[in-house]
Amino acid sequence: SAVISQKPSRDICQRGTSLTIQCQVDSQVTMMFWYRQQPGQSLTLIATANQGSEATYESGFVIDKFPISRPNLTFSTLTVSNMSPEDSSIYLCSVRLADSPYEQYFGPGTRLTVT
Amino acid sequence: GENVEQHPSTLSVQEGDSAVIKCTYSDSASNYFPWYKQELGKGPQLIIDIRSNVGEKKDQRIAVTLNKTAKHFSLHITETQPEDSAVYFCAANAGGTSYGKLTFGQGTILTVHP
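Going line by line, the protein sequences match chains A and B. Our numbering puts the first residue of the first sequence at 1, with every later residue one more than the last. Our numbering puts the first residue of the second sequence at 1, with every later residue one more than the last.
Think of the hints as simulated: they come from the structure by calculation, not from any bench. Since this is a predicted model, take the numbers as computed values, not measurements. There could be a bad hint or two in this list.
Straight-line C-alpha distance at most 27 Å; calculated DSSO-like pairs for lysine-lysine [stated by the list, open to error]:
| no. | chain 1 | residue 1 | chain 2 | residue 2 |
| --- | --- | --- | --- | --- |
| 1 | B | K101 | B | K58 |
| 2 | B | K22 | B | K37 |
| 3 | A | K7 | B | K57 |
| 4 | B | K58 | A | K65 |
| 5 | A | K7 | B | K71 |
| 6 | B | K22 | B | K57 |
| 7 | B | K22 | A | K7 |
| 8 | B | K42 | B | K68 |
| 9 | B | K101 | A | K65 |
One side only, chain A facing chain B, incomplete, derived with CB under 8 Å [to be verified]:
| no. | residue |
| --- | --- |
| 10 | L43 |
| 11 | A98 |
| 12 | D99 |
| 13 | Q104 |
| 14 | Y105 |
| 15 | G107 |
| 16 | P108 |
| 17 | L112 |
Every residue, glycine too, gets a C-beta built ideally from N, C-alpha and C.
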């Protein structure tokens, strides 16, 4: 497995503002993902973070709202832009490792509340 | 794309009983089926997985079975303990490759009563 850290762990933000979430992994990573988990719901894939190039977004998610960077193999950021109360969710970083390409691990999550 | 259905949505058992959670998937090419446990306030934790070349895998009190013909797989927890109380998610990979995206079930809230 791997140690995946996310910052911040939680935040309360005002509508119209933006929040950047960081994800750091301590192992060699092949793939990095960002998920959203709304209260009491399952996991929804936002995008696949690609190193050195634009992220690949899932249907319903756009770059202007959720810009993602991945400057190297073990670090990525997700920004939630121009927030509204509907963006209140848990945001999760997830990775697959070089030595176990099928297994996927999750970070502890960032709990975002938008007021 | 892949569609994963998970049942039941809630499951309540007495300590020491067994618990079974079932999932069905739609993509016949899927070949990797992980199970995650999510405790309150934490990220999902990978607890067991199975590849399509085996029918059953066991790790202490938990086991997973896979029926590729029927396209369903199940999580079995024996001798349940209060610490097993959590939300459990199944998943399947799309397209049957190591870079295929995971599609998750809706989750099962398991409560183990002392």
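Just pull the numbers of the violated hints for me, sorted ascending.
-> Hints 3, 4, 5, 7, 8, 11, 12 and 17 contradicted; others consistent.
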